[in-house]
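Chemist: Residue numbers (the working numbering): 4 to 333.
These are computed hints drawn from the structure, not numbers from a lab. Beta carbons: idealized from backbone N, C-alpha and C, even for Gly. Among these hints, one or two may not hold up.
[Stated by the list, open to error] With beta-carbon atoms standing in for the labels, derived distance ranges:
1. His187 x Pro117: 51 to 57 Å
2. Arg262 x Gly287: 53 to 59 Å
3. Cys301 x Pro136: 46 to 52 Å
4. Gly287 x Gln99: 46 to 52 Å
5. Asn81 x Pro176: 51 to 57 Å
[What the hints assert, rightly or not] In silico BS3-like links for lysine-lysine, alpha-carbon gap of 27 Å or less:
6. Lys235 x Lys46
7. Lys37 x Lys284
8. Lys192 x Lys95
9. Lys95 x Lys235
10. Lys37 x Lys192
11. Lys37 x Lys196
12. Lys233 x Lys95
13. Lys235 x Lys196
14. Lys196 x Lys46
15. Lys173 x Lys95
16. Lys224 x Lys54
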Amino acid sequence: MIQKHAREHREKHLKQRAEYHAAKGNGDVAASIKHIRRMGRLKYDYQSIRKAYGINKQGLTTLDVPDPETGGRILITNKNDIHQYLLRRNEKHYSQATFTAFGEAGPGFQYINPDNPDSDQHIDEMLEGVFEPWDSASPHVCELLGALKCTVEQELDTSLHLSDFVSLFKTIPERTASSVSLRHYGHYKVLSKLDDDSYIRVLFDIVEIAFRTHSPLPRWKRSTQVMLEKGKGPGIENLRIIQLLEADMNWLLRFLWGRKLNHHARKEGVYHHSQFAVPGKLCGSAILNKVLYFDMLCQTRQCGALMDNDATAAFDRVLPALCVVTCRQL
4 MIQKHAREHR EKHLKQRAEY HAAKGNGDVA ASIKHIRRMG RLKYDYQSIR KAYGINKQGL
64 TTLDVPDPET GGRILITNKN DIHQYLLRRN EKHYSQATFT AFGEAGPGFQ YINPDNPDSD
124 QHIDEMLEGV FEPWDSASPH VCELLGALKC TVEQELDTSL HLSDFVSLFK TIPERTASSV
184 SLRHYGHYKV LSKLDDDSYI RVLFDIVEIA FRTHSPLPRW KRSTQVMLEK GKGPGIENLR
244 IIQLLEADMN WLLRFLWGRK LNHHARKEGV YHHSQFAVPG KLCGSAILNK VLYFDMLCQT
304 RQCGALMDND ATAAFDRVLP ALCVVTCRQL
């Protein structure tokens, strides 16, 4: 009987969910039903793609690593051995930028080192465009320093709002993984949906006080690194590092860097007009531009070419100390 009336039960369930969302101020019932159906189709499509590619979310039980003795490769299946191999690999992987100009072993690190009491003065000089680099600085370093000059006149509004805090946890999937404190996203999600906002307000106040007083919580200083396969097999060079942060810290970074700073940079004209990963544009538009470009070449019978630069481990080479300087520029 349930299978016979499956469509009827589905429609009833959709209407109940839509009425709940509409009651919370998330649009009318018809729009909510349309949104739920669209998200359901997307979920089914991605499941079909993963199934077609043979991608499954099983744990890493085998690791394919180079064998320095034979020059070939060996398979590691012991849990502790896999753990040790990954630790050594990640330490080396994250140290790729150590000996660059502003890396920890580079000549420019002393000028941006957070532990150096004189670094604030040097950073201010960089942002003002009057910093004098060291004698051995390459032309590329000089070019970078020239680009660091601050041209933004309006200061970023860093005020935090409870409504934004609640909004994220209402919409984020409950299965989203958090860090080692065991503060599950489901806890925040339930509290954000209560009519009484006293509990979620306490959690928000903790985040705001820590942010305003420049006092990061001890659990914010720890993260969990998870290794995921890219779909190319268990080779150690084919694994992707995913870093899991605390749920409330993740919200703070999303809100300030992913939303506030992103919109502020666009408003101040920092982004180039050809960039697509900016507010108001779609990344898919970049692909569409390529297709249109090649179509025009074919129709006009002209010669042309496009070149894509994909830097290896680009995000893993980001220097946190230098990243802070570039963010202060905005």
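Chemist: Failing hints, ascending?
Modeler: 1, 2, 4, 5, 8, 13, 15 and 16
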